[in-house]
Amino acid sequence: MTTLAPEPAPATKPPAARPQSRLASLLKARETGILLALVAFLAVTTAINPRFVFSTDGFRDLFLTPSILVVLAVGQAMVIITRNVDLSVGSILGLTAYLAGRLFLDTGLPILVVVLLAVLAGAVLGLVNGMLVAFARVPALVITLGTLYVYRGIYLQWAGSDRINASDIPDGLLSFGTSSLLGIPQLAIVSFVVLAVAAYWMRTSRGGRELYAIGSDPAAATLYGLKDKQRILTAFAASGALAGLAGILYVARYGTISSGVGFGIELEAVGAAVIGGVAIFGGSGTVVGAAIGAYLLTSIDRGLPILGIPDFWQRAVVGLLILGAIVLDKVLAERQHKKLLAERHRS
Amino acid sequence: MSATSTPPRTPEKGSATTTRTYADSARPLPLRLLLTRDAAVLGLLVAVVSYSVVAIPNFDSQLTIYFLVLDIAPILLIALPMTLVIVTGEIDLSVASIVAVTSVLFGVLTREGAPIALAAVLAVLAGALAGAVNGLLVTKLGLPSLAVTIGTLALYRGVAVGLLGTTAITDWPDTWTDAVTATFGESQIPVIVVPLAVAAALFGLLLHLTSFGRGLFAIGLSSESARFSGVDVERTKLVAFVLTGLVSGIAGVYFTLRYGSSRGDNATGLELQVIAAVLLGGVSIFGGRGAIPGVLGGVLLIGVIGSALRLDGQSANVIQIVTGVLLIASVVSAALLGWVSRRVRRRPPTAAEAAPPAVPTAGGM
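Heads up: the sequence lines are chains H and E, in that order. 1 is the number of the first residue of the first sequence in the numbering used here; add one for each residue after it. 1 is the number of the first residue of the second sequence in the numbering used here; add one for each residue after it.
Treat the hints as calculated values from the structure; they're not laboratory data. Keep in mind it's a predicted model, so treat the numbers as computed, not measured. Mixed in with the good hints, there may be bad ones.
Claimed, not checked - Residues from chain H shown here face chain E by an in silico Cβ test under 10 Å; the list is partial: (1) Val138; (2) Pro139; (3) Val142; (4) Tyr149; (5) Arg152; (6) Val274; (7) Gln314; (8) Val317; (9) Leu321; (10) Asp329; (11) Leu332.
Even for Gly, the Cβ is constructed at its ideal location relative to N, Cα and C.
From just these sequences and the hints, can you work out the full model?
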């Protein structure tokens with residue numbers, strides 16, 4: 001899986017070929033396909049039940065429900081692009097959500113300070129993952145599987161049978177979690193901001209491009225002199241910090257923090273990234289794709305009953321989507337590979 | 001995960017850190033047997049058991065052993081074929097979902113009037129089929145097993161939950177549930193240790209004493225050179241995945257009868273415990289290295305630590321933390337030891353060191 005797959009304009013074009021127009025490259029982008037799938041799904045469900053999108057609640061949920069998963073998927077995409085994976089995000093989410101709840105309950109710290117502390121705690125937990133992965137040179141799958149257990153264990157041990165209720169959470173945060181600005185829920189706005197910053201950084205900054213370089217060929221990146229360890233640390237710290245932010249969003253959205261918070265959401269985050277075209281072997285895909293993948297996952301979750309499918313089948317549909325996405329990526333990558341070979345023969 | 005199942009195009013996997021050789025035959029046999037990861041795990045196991053017997057009241061009671069065996073049975077069963085899969089450099093995250101879907105299928109078929117024995121056979125076959133789907137996607141389409149089995153993890157779990165919803169099938173005839181939890185005569189030794197031991201022996205033979213098993217190691221070390229030396233890479237991997245599905249199906253039937261309940265959320269998270277046990281047992285996640293005795297040690301270690309901590313009054317959360325730390329420590333320590341030994345070897349040999357037959361193996365440098 002090298003960088004070939006969905007990069008819009010390959011850098012090694014022969015001079016004879018005309019540069020692709022922006023429209024053409026936009027239409028060809030992997031993200032467009034998944035966006036079309038999302039639009040098609042929303043169109044069908046809305047045709048059956050207009051309330052799915054065209055009611056106040058429906059419109060709000062359309063943006064509100066995915067916001068937590070979008071934040072997680074953005075962080076996950078950054079890690080997967082470096083040819084790693086972060087399975088501990090669900091546990092980090094739970095731990096930081098409980099930390100925030102405890103801070104509200106036990107201290108009188110202002111909301112903003114608590115938010116910052118939770119994000120910082122997430123970043124530190126992510127940094128632990130990153131250090132173990134970067135310095136021990138052990139696959140991230142194993143390390144983050146281990147920290148998944150450790151972080152969750154710490155959270156459950158700390159929380160015991162306690163449970164933090166909405167009444168313990170400051171009203172300011174709770175109303176932030178449910179209110180809207182210009183018709184768009186504020187939590188969704190937070191996720192848009194995160195997405196925009198991450199997408200801009202990944203696309204234009206040196207650090208972002210180096211994440212792609214490391215993921216598409218780690219050995220070459222090291223030989224080239226990229227600071228691979230530092231970049232991998234950055235990616236994991238970002239993923240952890242975003243999981244911490246997702247923990248705060250969870251508190252704001254639901255108010256209640258019980259032992260099950262964040263359980264199993266790591267696989268949804270990985271699934272969203274894969275569905276959105278982030279190759280599991282790194283080097284290709286975008287955070288925007290991962291975010292659209294998250295929208296598709298949550299919309300399907302909400303939309304299945306409207307299509308007459310009991311929502312018990314939701315996970316089966318998600319599984320089929322993930323499989324479909326990786327098969328599609330494989331086909332696209334092979335086609336691109338053949339095209340590049342043909343071009344080389346012609347010149 | 002990085003180098004686990006990189007498409008075979010890239011000849012050298014990763015950097016020099018992943019260079020491996022077969023056991024260094026230059027050293028004397030006792031040393032070779034003692035200085036392995038297997039021996040380390042088994043030694044740790046003995047240490048934990050002896051400490052627990054001395055320090056934790058009731059640990060040496062027969063009842064402890066009874067529940068220990070019944071609880072680790074599904075992990076032990078699935079860890080065996082999972083070892084084969086990981087040795088080839090692939091991974092299967094969907095095993096717990098296969099346990100759930102076969103458990104549900106077993107329940108539904110029985111509810112619809114099928115004889116229990118027939119339902120059990122069909123459920124196990126369904127497990128094999130689920131494994132075959134994984135295997136075909138990995139071998140025929142050349143997809144990464146990590147992504148494929150994350151997908152089928154959701155798919156199979158979804159089918160299990162979809163078939164039964166939140167209901168459970170709980171009326172199982174006593175003759176069947178008792179058969180699973182039966183003990184030898186008056187003792188508290190469960191009868192299932194016999195099939196477990198047979199399964200472990202069979203997989204040990206398959207992995208270590210057959211050409212199929214050598215093929216698994218060859219694929220894990222380099223699938224390209226395995227292919228050139230005549231190993232049917234695709235068929236071998238496919239068989240490993242089918243076996244994993246089949247055994248997960250057996251574990252599904254066991255799980256159903258053991259808890260007398262067929263539910264869609266049975267065995268949630270079991271895949272992580274299985275993989276933790278296998279890696280703890282010294283199987284390299286990069287493939288090409290590992291052994292069944294070590295894996296058995298890993299499974300038992302997780303089980304013993306769990307029951308010791310529980311008897312000591314610790315909560316399940318502490319057990320989770322310990323499991324996670326052990327998993328991380330097992331891989332980090334391997335990396336650390338490799339780093340140290342490379343450091344030692346790279347040092348220019350002094351006259352005294354150069355004299356004895358140090359490490360003159362072919363690929364060891």
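Evaluated hints:
1. Annotation: H:Val138 was flagged as interfacial toward chain E, and the flag holds, the nearest CB pair being 4 Å apart, inside 10 Å.
2. Restraint check, H:Pro139 versus chain E: the minimum CB separation of about 5 Å is within 10 Å; hint holds.
3. Restraint check, H:Val142 versus chain E: the minimum CB separation of about 5 Å is within 10 Å; hint holds.
4. A cut of 10 Å between beta carbons decides the hint on H:Tyr149: the least distance to chain E is about 3 Å, and the hint holds.
5. Because the beta carbon of H:Arg152 sits about 6 Å from the nearest beta carbon in chain E, less than 10 Å, this interface hint is met.
6. Restraint check, H:Val274 versus chain E: the minimum CB separation of about 6 Å is within 10 Å; hint holds.
7. Given the 10 Å rule on beta carbons, the hint for H:Gln314 holds: about 7 Å separates it from the nearest Cβ of chain E.
8. With its C-beta approaching chain E no nearer than about 7 Å, H:Val317 sits inside the 10 Å limit, and its interface hint holds.
9. Because the smallest distance between the Cβ of H:Leu321 and any Cβ of chain E comes to about 8 Å, under 10 Å, the interface hint for this residue holds.
10. Contact between H:Asp329 and chain E, as hinted, is supported at the beta carbon level, the nearest pair being about 9 Å apart and thus within 10 Å.
11. Because the closest C-beta pair between H:Leu332 and chain E is about 13 Å apart, greater than 10 Å, the hint is violated.
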